[in-house]
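Novice: Here the protein sequences come in this chain order: Z and A. First residue of the first sequence: 1, per the numbering used here; consecutive thereafter. First residue of the second sequence: 1001, per the numbering used here; consecutive thereafter.
Careful: at least some of the hints might be erroneous.
Unchecked claim - Cβ-to-Cβ under 7 Å is the rule here; a few derived chain Z residues that face chain A:
{"hint": "1", "residue": "E76"}
{"hint": "2", "residue": "K84"}
{"hint": "3", "residue": "L99"}
{"hint": "4", "residue": "S130"}
Worth flagging that the hints you see were computed from the coordinates, not collected in a lab. Positions of the beta carbon are idealized from the N, C-alpha and C atoms, including for glycine.
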Amino acid sequence: MNMIEVENLTKRFGDFIAVDHVSFKVKKGEIFGLLGPNGAGKSTTIRMLCTLLRPTEGSATVAGFDIIKQPDKVREHIGLVAEKIILYDQLTAAENLTLFGRLNNLPEKEIKQGIEKWLTRLNMEQWRKSQVGTFSTGMKQRINIARALLHRPDVLVLDEPTLGLDPQTTRAIHEFILELSREEMTILLTTHDMNEADSLSNEIAIIDQAKIVASDTPRNLKRVVSNSDTAVMDIEVANLSEAMLSNLKRMEAVISAVETEPYSLRIHTRGENTAATIVGAIAAEGGQIRAINTVEPNLEDVFLHFTGREMRDRSTGKVAPSQRPLWRGRSSRVR
Amino acid sequence: MWQRTKKAVMHSYRIGVKDLIVFARDRLRLITFVIMPIFLMVMTGYVFPNQNALKNAPLGIVNLDQGPVGAQIISALNQPISGQNATLLKLTNLPSQAKAEQDIKDQIINGAIVIPAGFSAEIAAGQQAIIISITDQSNPQISLLMSEALGKLTSAISTQMATKKVETLLPGVADPSAVVEPFVVQSIGIIPGNPNYFEFMAPGVMAMVIMMAAMIGLAGSVSREKELGTLDGILSAPISRLSIIVGKSFAQVVRGLLQAALTLILAILLFGVVVHGNFGLLILLLILTVFSFIGVGVMISAIASEQETAMTIMMTVMFPMMFLSGAFFPIQQMPTALQWISKAMPLTYSVEALRKCIVLGTGISGMLTQVWVMLGFGVVFMAISIPVFGKVTTR
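With the rest of the complex left out, here is chain Z (with noise of 0.2 Å):
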């Protein structure tokens, strides 16, 4: 069964389309990883689906519920933790749960027991009668999701949920999100972060100016990079020049060069045994190679297939771990 049926959903405001044509379905107990930059179209397709905002074109179910024609219905089967926190700082984490599970109907008995639950399982008993403008973002963030949680929607809608949190609460927040979806909870989850989509996503839509570009499962749409004429490799050159790195840009093979690290490359390559056509250029214009690894491609590099544009963050993009060596230079690796 679908949980949430997209169809050519579409939004203009003005001259601008800020989410052009896009279609995708999420199955129950799936988590569903909206993925693209900042200003990609992500939050406008959520606020549709959380009718917050009235498409342009297009329809959509959630939990079977038209979002134009049943509104009522789908609010009431949907939690929603979008980018702001929505908490009452004066309030406290109990009175805040409390106001919001009635204005959702649910009847007192079933709040109380609600607000156990939750706070238990999110680590925030302790903090049930302190007034939310008291906690760090991390904290707020937690009564944040067991606000979204408290009324047992079939659907929880997480807009960036781990956007500015610290490293731990991060984690706890993943694993919290893996654990839900064990327990069949549908959810949609827009990020920027490539880890945060790798790690949790059963499936992906990479979305980028208002489209999406490419939407399948996170190993499917590596797979389409790695399988296709387009390579990814790192290599380490000792005396690398600027006049080396612009040579390198301007070859056919190569789509992208970027100097990852001081003296390291990452090449995004097109066609046939590119690495031995790379490596022949460096080294003809006295390049000494250090090392050279093939790349396992990441989402980024996924993006950057589709797309042919980086998305990287500065803050979180980092280069992915899963490297294996290839060929390796006379030169001994001094670190």
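Place chain A on chain Z using the hints.
Specialist: Same frame as chain Z, but now just chain A:
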């Protein structure tokens, strides 16, 4: 149907209570809530000039007269105000008219009186004598009050002199003052006691405080929640848009009424204001005032996406209302065009009705026009703004 209505009412109530708790736990907002009416009362009650406030105003005297009449006038000017340990004017003797004019320019004195040479002699000779009063046009309020006061004093002196003259000229007359002044004006108020300026101000301040709560409070609380993102939480819950507006309005109504009550208590305790009308009617009028403004507040909160925009719109709407509603200045003194604008604003009617109730003790039958206009205004604006709010919140 009944179930749904009951649910909607409960949702409104929850949202309203939540808004009130959030408000009550914000110390800064709570302090401004109490201080604002005090501030408004004190400010409006004291800053506007009135004759009772004029004391010890510095006035130059140039007495070039050698005779007795000039001296008599000066001593009359030096009389203390009845019952007070102060004189209306503080007199300074100056040698010449030129010096007096210079001192006015230097702002040492607010005005001057010149009693010309030969003043007494002219009067003795049976001619009409002239006193020159020099005023400071740069300060119209003070010079107006001063020339009024001077006029009263000098006419009192000249009446006194005329009465004496009549006595000597017509020895047989029973009441010589009747010959000089065939009639006098006696003014009586329609309410007992001596109403002060605060009694004029209090209804205006109450109406304003309510207007601010209804408009700033409502639009502010909606746009704040929009900015914080919490509004999304309410909007994505299965509750009707009407419940949200009603709940938010409910909180602001309570807040506005509390503030108005605070104003009234302050006015009674600190400023000696007496409520001559019915208390129940007063409360009804206050509620009606809130009602007439809620629609405008909803409208502004719907169309303004940020707090700042909301505040800007608010100021544009509120300032003309404050000054043209008659809350501070009588409408009758305004030019006709402004009077028409003033008649198009709900605050005007609210102030009128409240003033009638508090100062004059009028019953509801004496203010039906105002009541109907406020009701009409509220209904029309609600009818326009509620669908707009619903539409804007799900664009």
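Novice: State the violated hints by number, sorted upward, taking the hints as numbered earlier in the document.
Specialist: When the structure is compared with the hints, only number 4 turns out to be violated.
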